[in-house]
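Asker: Start from the sequences, fold in the hints, and give me the full structure.
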Amino acid sequence: MSDDRVRAFTEFRERMNERILAEPNQVVRRFFALDTQAYQAGVLDVATKELLGLVASLVLRCDDCISYHVAKCRDAGVGRDAMFEAFSIGLVVGGSIVIPHLRRAVDFLDQLEAGAEAPAEHAHG
1 MSDDRVRAFT EFRERMNERI LAEPNQVVRR FFALDTQAYQ AGVLDVATKE
51 LLGLVASLVL RCDDCISYHV AKCRDAGVGR DAMFEAFSIG LVVGGSIVIP
101 HLRRAVDFLD QLEAGAEAPA EHAHG
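Under UniProt numbering, the first residue of the sequence shown is numbered 1, with each subsequent residue one higher.
To be clear, the hints were calculated from the coordinates, so they are not data collected in a lab.
Heads up, none of these hints are tricks.
Think about it this way: if two alpha-carbon atoms lie no more than 20 Å apart in a straight line, the pair counts; the simulated SDA-like pairs of lysine to any residue are:
| hint | residue 1 | residue 2 |
| --- | --- | --- |
| 1 | K49 | I89 |
| 2 | K49 | A118 |
| 3 | K49 | A33 |
| 4 | K49 | V93 |
| 5 | K49 | R61 |
| 6 | K49 | D81 |
| 7 | K49 | D64 |
Here are the in silico distance ranges between beta carbons for each label pair:
| hint | residue 1 | residue 2 | range |
| --- | --- | --- | --- |
| 8 | V92 | A22 | 38 to 46 Å |
| 9 | Q37 | R103 | 26 to 34 Å |
| 10 | S88 | R29 | 31 to 39 Å |
| 11 | V106 | E23 | 32 to 40 Å |
Quick reminder that beta carbons are idealized off the backbone N, C-alpha and C, glycines included.
Answerer: Structural data, given as structure tokens:
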């Protein structure tokens, strides 16, 4: 698979986030802001928070969130070996139903490592 999946994911996500945030709904805007704030460095660094988000996304089986956190982990300097450790935790916690999502996560990671451009700002999924 080419980097088309990464490009399509990134373009759709950015377009829809823009569209959603253009609405005058303060609950949605505040949730997006809370999500952004939660992943900022604090006692836990950004890489650790993104790894936590990745594991939670695997267990919850959200492919968009998995892809997003894979990209953000890479941006935060998380290496492939560390990501595979996180994948293993998600697999153990979530069980075999996580395997199809793990396949897509590794495919997404491979595309990013091959030079596909990752999503920019943090806003969940």
